[in-house]
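2 protein chains.
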Amino acid sequence: MTHFPFEIAAVDGAARTGRIQTPRGDIRTPAFMPVGTAATVKALYPEQVSEAGADIILGNTYHLMLRPGAERVHRLGGLHRFMRWSGPILTDSGGFQVWSLSKLRQMSEEGVTFKSHIDGSAHSLTPERSIEIQADLLGADISMQLDECTAFPSPREEAERSMEMSLRWAKRSKAAFGERETQNLFGIVQGSTFEDLRRRSAEGLMEIGFDGYAIGGLAVGEGFEAMCEVLDFTTPVLPLDRPRYLMGVGKPVDLVESVARGVDMFDCVMPTRSGRHGQAWSDYGPVNLKNARFAEDDTPLNAAIACPASRDYSRAYIHHLVRAGEYLGSMLLSWHNIAYYEDLMARMRTAIAEGEFEAFRRGFLERWHSNEKDRAE
Amino acid sequence: MTHFPFEIAAVDGAARTGRIQTPRGDIRTPAFMPVGTAATVKALYPEQVSEAGADIILGNTYHLMLRPGAERVHRLGGLHRFMRWSGPILTDSGGFQVWSLSKLRQMSEEGVTFKSHIDGSAHSLTPERSIEIQADLLGADISMQLDECTAFPSPREEAERSMEMSLRWAKRSKAAFGERETQNLFGIVQGSTFEDLRRRSAEGLMEIGFDGYAIGGLAVGEGFEAMCEVLDFTTPVLPLDRPRYLMGVGKPVDLVESVARGVDMFDCVMPTRSGRHGQAWSDYGPVNLKNARFAEDDTPLNAAIACPASRDYSRAYIHHLVRAGEYLGSMLLSWHNIAYYEDLMARMRTAIAEGEFEAFRRGFLERWHSNEKDRAE
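Each protein sequence line maps, in turn, to chains A and B.
For reference, each letter of the first sequence is one residue, going 1 to 377 in the UniProt record's numbering.
For reference, each letter of the second sequence is one residue, going 1 to 377 in the UniProt record's numbering.
Extracted from the complex, chain A is given alone in its bound form:
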């Protein structure tokens, strides 16, 4: 297997910054990947995603296999061409959405059968089929092994059984993926909140050997403290020279605290989902633009971000658009939120490169917590 080169340019505490070099372009780390669930980062044009600073986006295997269908995307030239995104794409394995969205799941050692949440049609997903969809049909630059997302909370025995099955699926995923020159495969560490299980999972994956290591099974209700604790004992076990990807996380504060613990990659639907619900993210937390106090606020969302949505439109105008249910309100807020997330990553990369990450983190946490009473409104 050919790892994408991962050059770590600077390390500051556990935090690191660098570049993953892929044939479709470099990924500056720590990286935030906007989520393009159904072959579109919701309410953004692909050029906006790229100009906002995203080097890589995520596509959802579960959604794409159901609609428009993985074979169809393949016949249309693959996911990059289909959705007009020329940079790298990471696809998830489909496992998480089967677990959270589909109906009538049946799990077995072989894989999972389920009914589509769209039309009730029957489908199945095995480690081998997931790799076929991701790497062969969609043409993902980075594929993920199929895993089982362990429910939280789970008894230890259940977390162990589930983690061990994910490990066996990891082996089958790697075998199905084989050796590829221009595509990579990541394994996923499971084990819920149990330190020894996380360690066993990480070691099992490293024995198999992957191009990168994801931390799964978080952001499922365990809370901020538990997430930090899992990272505290999980990232040190992972190889220093390979990318670490924390799946499905999170709020800005989660990103900062995870980067502090050595995470390199993130994805989350939060910026676009919040945007469609009238919220703008900032270092001070989320701001609800529907709030009457913005009705005549002539200032932009954030003049320091070089994105038209952040800089050129007044809060009063966006307030009006959101109240009126206009498309442009969701479009501007989703765009701003992606730009804000990417700007936050850029600020963290700079801070790490300059050996100032701890100061950045302290400043960020001060801003984040300064406004908590306000946000609770």
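Hints are supplied without guarantee of correctness; some may be wrong.
Between beta-carbon pairs, the in silico distance windows are [stated by the list, open to error]:
(1) B:Arg67 - A:Gly221: 37 to 43 Å
(2) B:Arg105 - A:Arg273: 36 to 42 Å
(3) A:Tyr284 - B:Arg84: 22 to 28 Å
(4) B:Gly120 - A:Arg293: 22 to 28 Å
(5) A:Pro23 - B:Arg84: 26 to 32 Å
(6) B:Asn291 - A:Gly355: 55 to 61 Å
(7) A:His277 - B:Ala304: 35 to 41 Å
Calculated cross-link-like contacts (lysine-lysine; reagent style DSSO-like; alpha-carbon spacing at most 27 Å) [unchecked claim]:
(8) A:Lys115 - B:Lys290
(9) B:Lys115 - A:Lys290
(10) A:Lys251 - A:Lys290
(11) B:Lys290 - B:Lys251
(12) B:Lys115 - B:Lys103
(13) B:Lys103 - A:Lys290
(14) A:Lys103 - B:Lys290
(15) A:Lys103 - A:Lys115
So these bits of chain A aren't anywhere near chain B, every CB distance computed over 10 Å [what the hints assert, rightly or not]:
(16) Arg84
(17) Ser282
(18) Ala359
By construction, these hints were calculated from the structure, which means they are not laboratory data.
Given the structure is predicted, the values throughout are model-derived calculations rather than measurements.
Positions of the beta carbon are idealized from the N, C-alpha and C atoms, including for glycine.
Guided by the hints, dock chain B onto chain A, whose structure is given.
Then chain B, alone, in the frame of chain A:
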């Protein structure tokens, strides 16, 4: 009153092409004005509207006075600044939407009182208040007199009563507008489908004297033939040297046939509304992108139009987006439709300038009618 200069560069039959020169930029005629009902051309960024070829947009007084409120827009610097549109804006008077959207209307010689369709709040609109909202508070470049939209069909006596009241309101609108250096006011010809009433209305307006003349009360169910007939006997009565604006029209074929009858300006919600409902316009009529035949159609909507939505995205991708209910589907189709409408106007302007309008019109009608069986599907 200072008319905006209207230079007619070429005449071909009754069709004409030229430029209306306003302090905020020239309007190339025949012109199509995208409708920015609630201070946004739905699902488009203002830059896209302008780059698609629109020189002027329309704002709806009724919607803006209810939300965010005309005084609020004024405090925020006027409609241009509020919505980031630096070109000319024409506002309607609010009369049509009061008639079509509001509840519990009470019409009198003085004006109309009504309840908001948004929150039931009580409002009133008089010729004087409409001018205040349009010209003073929103800051429209072109304001429209308040009129009563006569229902179709109407008995002759009712059409005459209504037209005569609109004429008295025209006089009051003109008096309220006064003399302005940088803003214009248009009168509206009413009279339903009755030739003598339309003539009487036009002559009455010309006696008062306006900067331009709109033809109202069409596109309200009278049908294509009746619309053409009304234009046949109405445009010849209007002054040659002033812009003629056909309100609320229409399909591409309506625009071509109206330009052939001497109309200079149009507005219609059709391109954006159709776009939100999965339809793309073309010289062959509307095309429903939801249709299964587009599922693997790798061609763009119209490679001849210099708009990314028309040229760079495949029908298969847009089909997928529409089926999946994604924002980007509505965004791309609305953008394409505005670009198509503006491209159609540009092609008509060129044909008139080259003395080839009749040939253009014949070719267009052949394309339009060639596909009628298909469209009926």
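> What are the numbers of the hints the structure violates, in ascending order?
Replying inline: Structure breaks hints 5 and 16.
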